[in-house]
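Visitor: For reference, the chains in residue letters:
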Amino acid sequence: MLNRVRIQDDMFTPDVIADPYAYYGRLRDEDPVHWNETYALWVITRHDDLVWLTRHHEMFSSAVFKNDPRPPYPDIDESDLGLYDYVRNYQGDQFIQHDRPQHLEMRRVMHSYFTPKQMEAWRPFVVAAVKELLDAAEAKGEMDVMRDLATPLPVLVIAQMMGVPPEERGYVRQLAEKLLYIGRGDYDRMKPLTEGMRGMIEYVSPLVDKRIVDPGDDFISVLARGEKQGVFTRHQVLVNTSLLLLAGHETTINLLCNGTLALLNHPDQWDLLKQDPAGRMKATTEECLRYDAPVKSIQRIASEDVEMRGKLLRKDDRVRWFISSANRDPDAFAEPEVFDIARHPNQHVAFGSGVHHCLGATLARVEGQEVFKALAERFPGLRVTTDTLEYQPSITFRSLKSLPVTWH
Amino acid sequence: MARKLRIWVDRTACVGNTMCETIAARSFRLNADRQSEAIDPPGDSEAAILEAAENCPVSAIFVEDAETGERLFP
Numbered sequence: 001m002l003n004r005v006r007i008q009d010d011m012f013t014p015d016v017i018a019d020p021y022a023y024y025g026r027l028r029d030e031d032p033v034h035w036n037e038t039y040a041l042w043v044i045t046r047h048d049d050l051v052w053l054t055r056h057h058e059m060f061s062s063a064v065f066k067n068d069p070r071p072p073y074p075d076i077d078e079s080d081l082g083l084y085d086y087v088r089n090y091q092g093d094q095f096i097q098h099d100r101p102q103h104l105e106m107r108r109v110m111h112s113y114f115t116p117k118q119m120e121a122w123r124p125f126v127v128a129a130v131k132e133l134l135d136a137a138e139a140k141g142e143m144d145v146m147r148d149l150a151t152p153l154p155v156l157v158i159a160q161m162m163g164v165p166p167e168e169r170g171y172v173r174q175l176a177e178k179l180l181y182i183g184r185g186d187y188d189r190m191k192p193l194t195e196g197m198r199g200m201i202e203y204v205s206p207l208v209d210k211r212i213v214d215p216g217d218d219f220i221s222v223l224a225r226g227e228k229q230g231v232f233t234r235h236q237v238l239v240n241t242s243l244l245l246l247a248g249h250e251t252t253i254n255l256l257c258n259g260t261l262a263l264l265n266h267p268d269q270w271d272l273l274k275q276d277p278a279g280r281m282k283a284t285t286e287e288c289l290r291y292d293a294p295v296k297s298i299q300r301i302a303s304e305d306v307e308m309r310g311k312l313l314r315k316d317d318r319v320r321w322f323i324s325s326a327n328r329d330p331d332a333f334a335e336p337e338v339f340d341i342a343r344h345p346n347q348h349v350a351f352g353s354g355v356h357h358c359l360g361a362t363l364a365r366v367e368g369q370e371v372f373k374a375l376a377e378r379f380p381g382l383r384v385t386t387d388t389l390e391y392q393p394s395i396t397f398r399s400l401k402s403l404p405v406t407w408h
Numbered sequence: 001m002a003r004k005l006r007i008w009v010d011r012t013a014c015v016g017n018t019m020c021e022t023i024a025a026r027s028f029r030l031n032a033d034r035q036s037e038a039i040d041p042p043g044d045s046e047a048a049i050l051e052a053a054e055n056c057p058v059s060a061i062f063v064e065d066a067e068t069g070e071r072l073f074p
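Taken in sequence, the protein lines are chains Z and X. Per our numbering, the first sequence starts with residue 1, numbered consecutively. Per our numbering, the second sequence starts with residue 1, numbered consecutively.
If you're looking for bench data, these hints aren't it; they were derived computationally from the structure. Incorrect hints may appear among the rest.
As the list claims (entries may be wrong) - Label-pair restraints from in silico Cβ distances: (1) X:W8 with Z:P74: 44 to 54 angstroms; (2) Z:P404 with X:T12: 31 to 41 angstroms; (3) X:E70 with Z:K282: 18 to 28 angstroms; (4) Z:P330 with X:T12: 17 to 27 angstroms; (5) X:S45 with Z:N265: 48 to 58 angstroms; (6) Z:E195 with X:P41: 54 to 64 angstroms; (7) X:R29 with Z:R314: 27 to 37 angstroms; (8) Z:T388 with X:S45: 53 to 63 angstroms; (9) X:K4 with Z:R70: 52 to 62 angstroms; (10) Z:E337 with X:R3: 33 to 43 angstroms; (11) Z:S112 with X:R29: 20 to 30 angstroms.
What the hints assert, rightly or not - Below, computed lysine to any residue pairings styled on SDA-like, alpha-carbon distance capped at 25 angstroms: (12) Z:K117 with X:A32; (13) Z:K282 with X:T12; (14) Z:K117 with X:F62; (15) Z:K282 with X:A13; (16) Z:K311 with X:D33.
Please read all numbers here as calculations on a predicted model, not as lab measurements. Glycine residues also receive a C-beta, built at the ideal position from the N, C-alpha and C atoms.
Taking the hints into account, I'd like the entire structure generated from these sequences.
Guide: In structure tokens, the structure reads:
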């Protein structure tokens with residue numbers, strides 16, 4: 001049949017988690033607008049389709065949780081559907097889960113805090129934090145990039161931006177780890193997920209209360225101002241504070257780990273970076289974002305009937321677009337499977353595109369640049385010390401579980 | 001009198017975030033690919049145009065004094 005390509009539809013199998021590029025790449029080449037029967041959703045895998053789709057936000061709603069009446073996929077236990085209602089209510093208040101005109105109003109509250117110029121001002125803080133973490137690793141003589149660098153750095157930065165006290169950062173990370181169940185397929189994922197959500201709300205409530213009365217120059221104060229302006233409800237301030245705490249670090253963790261791994265797996269490129277770390281850190285970070293992007297896929301809901309490549313996407317259909325395949329699309333990149341830190345141009349879609357383009361993109365870039373530069377300068381002999389790398393079983397995030405390295 | 005500005009948008013960088021059009025709608029519009037393009041002559045105040053440029057999340061907007069060529073942003 002023309003419209004049905006026989007490709008297994010389970011996107012959570014160990015081989016698809018380990019290597020999403022083979023699976024989504026095959027879909028991109030054979031059936032770029034693919035109906036996934038198992039999860040009842042469209043899988044969009046080409047670069048040009050992804051760009052088109054994200055730029056036509058009026059046709060594809062971001063209010064996924066609000067607008068999708070179906071139970072979650074993969075299946076959960078029926079007794080957990082009550083917990084899922086909590087998840088829908090929580091997720092539905094995130095600003096990224098809104099369409100225009102509300103999305104624009106919400107984004108404008110936050111947007112000017114995250115301009116490239118504002119984020120550049122954080123570079124010295126990032127440099128100092130990287131140095132401190134690498135000093136500690138050097139003293140210890142070994143490092144798990146995930147545990148000792150990629151996790152603490154972005155947590156430190158976002159916590160500083162949000163005015164979270166240093167001693168509470170570990171607790172924030174614990175809660176964040178529970179929130180990551182959102183992209184996973186575990187049958188019993190609703191329990192840890194809702195624990196994380198409730199924990200976050202409980203944790204950030206007093207922080208928000210304080211900023212409403214006594215605003216500072218931190219980011220929670222920016223959100224609190226949004227409540228005073230009538231843009232956000234209190235629940236929305238709490239949920240978006242939690243969202244920024246999570247999104248502000250989880251994705252960057254993946255950039256730092258996946259990027260370091262890509263560099264160490266390609267000694268010629270690692271050598272190239274070492275020749276001029278400061279001069280090459282920017283293009284290197286862009287290529288890391290393209291080659292093994294922190295976020296694999298994002299979902300929308302069709303707001304109307306839309307035709308794409310001869311297929312009819314009906315109103316309310318689930319539509320999931322895959323950065324992992326778009327960033328390796330041969331129609332968009334020369335030799336897409338080659339990791340090339342001098343690649344130019346490099347119009348990857350790691351941060352999405354259109355009105356929902358990642359708010360924290362510049363911050364992630366600054367952190368990536370300073371980490372890859374510092375590693376190349378300080379640990380020229382860096383290499384991975386394991387043959388068995390494992391990824392979190394998530395459809396959303398491309399997250400290594402650990403990345404042990406040595407430089408001796 | 002307000003000075004004349006020359007504005008351009010780097011198409012290879014623009015991601016169609018539309019913040020420029022939101023802030024300075026008489027100076028930026030979206031083309032068929034939903035990317036930003038500068039309207040000539042721009043119809044907003046210099047302050048609004050510079051605010052739009054500064055709020056571009058990918059620094060795709062460039063602003064110059066049309067007569068002297070002085071770079072005003074970035």
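Visitor: All the hints need checking, so say for each whether the structure fits it.
Guide: Going down the list of hints, with the structure as the test:
| no. | hint | verdict |
| --- | --- | --- |
| 1 | X:W8 with Z:P74: 44 to 54 angstroms | holds (48 angstroms) |
| 2 | Z:P404 with X:T12: 31 to 41 angstroms | holds (38 angstroms) |
| 3 | X:E70 with Z:K282: 18 to 28 angstroms | holds (26 angstroms) |
| 4 | Z:P330 with X:T12: 17 to 27 angstroms | holds (19 angstroms) |
| 5 | X:S45 with Z:N265: 48 to 58 angstroms | holds (51 angstroms) |
| 6 | Z:E195 with X:P41: 54 to 64 angstroms | holds (57 angstroms) |
| 7 | X:R29 with Z:R314: 27 to 37 angstroms | holds (32 angstroms) |
| 8 | Z:T388 with X:S45: 53 to 63 angstroms | holds (60 angstroms) |
| 9 | X:K4 with Z:R70: 52 to 62 angstroms | holds (56 angstroms) |
| 10 | Z:E337 with X:R3: 33 to 43 angstroms | violated (50 angstroms) |
| 11 | Z:S112 with X:R29: 20 to 30 angstroms | holds (22 angstroms) |
| 12 | Z:K117 with X:A32 | violated (29 angstroms) |
| 13 | Z:K282 with X:T12 | holds (16 angstroms) |
| 14 | Z:K117 with X:F62 | holds (14 angstroms) |
| 15 | Z:K282 with X:A13 | holds (14 angstroms) |
| 16 | Z:K311 with X:D33 | holds (21 angstroms) |
In terms of the numbered hints stated before, the structure departs from hints 10 and 12, listed from lowest to highest.
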